[in-house]
Every structure is written in structure tokens, then in C-alpha cells.
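Visitor: Sequence:
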Amino acid sequence: MDPTVLTVEQEKAKAAKPGSDFKECASGCPVMIVIPAGKFIMGSPENEPEREASEGPQHEVTVAKPFAVSKFEVTFEEWDACVAAAACPRVPDHWGGGDMPVINVSWVDAKQYVGWLSQLTGKEYRLLTEAEWEYAARAGANTRYSWGDDPSMGNANCDGCGSRWDLQQTAPVGSFKPNALGLYDMHGNVWEWVEDSWHENYDGAPTDGSAWLRGGDPSFRVVRGGSWRNESARSVRAAVRVKRHTNVRFDTLGFRVARTIRP
2 MDPTVLTVEQ
12 EKAKAAKPGS
22 DFKECASGCP
32 VMIVIPAGKF
42 IMGSPENEPE
52 REASEGPQHE
62 VTVAKPFAVS
72 KFEVTFEEWD
82 ACVAAAACPR
92 VPDHWGGGDM
102 PVINVSWVDA
112 KQYVGWLSQL
122 TGKEYRLLTE
132 AEWEYAARAG
142 ANTRYSWGDD
152 PSMGNANCDG
162 CGSRWDLQQT
172 APVGSFKPNA
182 LGLYDMHGNV
192 WEWVEDSWHE
202 NYDGAPTDGS
212 AWLRGGDPSF
222 RVVRGGSWRN
232 ESARSVRAAV
242 RVKRHTNVRF
252 DTLGFRVART
262 IRP
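In the working numbering, the protein residues as written are 2 to 264.
If you're looking for bench data, these hints aren't it; they were derived computationally from the structure.
Some clues are possibly wrong.
What the hints assert, rightly or not - Derived pair list, reagent style BS3-like, types lysine-lysine, alpha-carbon separation capped at 30 Å:
{"id": "1", "residue 1": "K244", "residue 2": "K124"}
{"id": "2", "residue 1": "K244", "residue 2": "K66"}
{"id": "3", "residue 1": "K112", "residue 2": "K66"}
{"id": "4", "residue 1": "K40", "residue 2": "K24"}
{"id": "5", "residue 1": "K178", "residue 2": "K112"}
{"id": "6", "residue 1": "K112", "residue 2": "K18"}
{"id": "7", "residue 1": "K18", "residue 2": "K66"}
{"id": "8", "residue 1": "K178", "residue 2": "K124"}
Please put together the full structure from these sequences, using the hints given.
Guide: The following block contains the structure:
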């Protein structure tokens with residue numbers, strides 16, 4: 002069922018129910034899915050093939066409260082609504098707008114969008130924390146990818162993922178099967194900005210799902226998920242994390258949004 006713009010009462014009811022989806026405005030608002038609270042093991046085991054040291058040490062994280070995540074990566078259609086409101090910069094689209102994931106956006110740009118969306122809706126939209134991102138990407142799995150350990154199954158857009166877009170361009174959002182939580186493109190297509198400052202590994206990382214800001218370099222933020230271009234399939238594993246400067250804009254960089262759910 003396609004979500005529709007909801008009344009306040011309907012939105013509150015759906016936003017409280019894990020697995021439900023909702024959309025809070027007709028133009029510019031992403032479709033959101035409620036993610037349940039839970040626990041997971043963050044990072045990769047030392048014996049995972051092609052593992053990087055930055056993915057450890059593994060640690061248990063408790064996500065104590067449900068939160069909402071955009072079903073798809075933010076699209077050009079959604080971004081352009083922010084541009085039309087003079088709240089976001091216009092950026093090159095390369096392969097067309099519409100339902101293509103917005104690209105060439107910096108971390109600073111992404112923060113402008115969530116700020117605008119929060120003001121538009123009166124709700125707390127934000128970037129995902131790194132822990133929330135991995136929790137949502139894994140969707141209960143402890144394998145290299147949410148669907149298993151084999152990357153070349155046509156489940157994502159990356160070098161070696163077996164799709165017709167591999168190494169060519171971004172794919173329209175929703176071109177592949179969703180994960181068990183109903184989220185699309187958590188692996189591949191575009192790298193996704195998260196809130197956290199960059200840290201070289203997880204020594205001292207929070208275990209409550211919050212953003213890790215203290216002690217890191219705030220001029221570099223974490224991106225997750227891998228992309229369509231110049232990335233081997235190893236780079237779209239659920240545990241992979243790399244850093245990018247907050248002001249860079251590449252055709253491999255996009256984002257998705259989260260929304261805090263209040264009682």
C-alpha cells in the first residue's frame with residue numbers, strides 16, 4: 002500500500018508501530034518506515050573476508066527506542082522541493098532527477114535538507130547515527146550483506162554486484178529487493194552520510210545507538226553503504242565505513258534521513 006499524507010492522529014498512530022510506513026507531506030517528504038528497538042552486534046568479526054581494522058572491535062549496541070528511516074535514499078524529487086524553498090543548493094544530477102538518488106551533496110548540504118524538513122513538518126528529522134545505520138542495514142542478519150555472504154546476486158548496484166548499473170551510474174531508488182525491514186538500497190548505489198564524526202576504530206564507541214561525536218575529527222564524517230562506481234563488492238558490506246570531508250561533493254555521495262519518534 003502506498004503511504005499517503007496523514008492527519009496528525011493517523012501519523013502518530015503509524016509512527017508508533019514498527020514496520021509501518023508514512024509520509025508527512027505531499028512534496029519533499031520521504032516515505033518513512035518505523036524501525037523497532039533492539040540489540041545487534043556492530044562491526045565485523047576479525048575473520049570476515051576483506052575486513053578493515055576500522056570495522057572493529059565488534060561490540061553490542063542497544064537501540065532502546067523505535068525510530069523512523071526513509072524507505073529509499075533521498076531522491077532528486079525530494080531534494081528539489083528543498084531547492085524550490087531556497088533552503089538547499091541546486092546540484093548536478095548527471096543521469097536525470099525524479100526518482101534517482103540525489104548525488105553531489107556534501108554532509109553540510111544533507112544537514113540543510115534535514116533542517117528544512119524538520120521546519121516543514123514540525124518533526125525531528127535528522128541524519129542517521131552510524132549505529133542506527135548499521136542496525137537498519139543488517140535488518141537482523143549477521144552476514145556480510147543483509148541477504149547473505151554472496152555479493153554477486155543482483156541485489157545491489159556496485160562493481161561486482163551483478164546489476165546492469167554496475168560501474169555505469171546510479172540506479173533509480175527501489176530497483177532492488179528491500180531488506181527484511183523494508184529498506185531499499187542500504188547496500189550500494191550511493192554512499193550515505195551519517196551524523197558521526199570519524200574515528201579510526203570502535204574503541205570507546207557508544208553502545209546506546211547515539212552519534213559518536215566526542216574525540217573524533219568533526220571535519221570528517223562517516224559514510225556508509227558503498228556506491229555504484231569504483232567500488233568492489235567488498236565496499237558494500239554492512240560493516241564497511243569510510244570517511245569523507247564535510248564539504249566534499251561527489252557523484253557517489255547521497256544520504257537518507259531518520260526521524261526521532263516521541264511518545
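Visitor: Taking the numbered hints from earlier one at a time, note which ones the structure violates and give those numbers from smallest to largest.
Guide: Violated hints: none; all satisfied.
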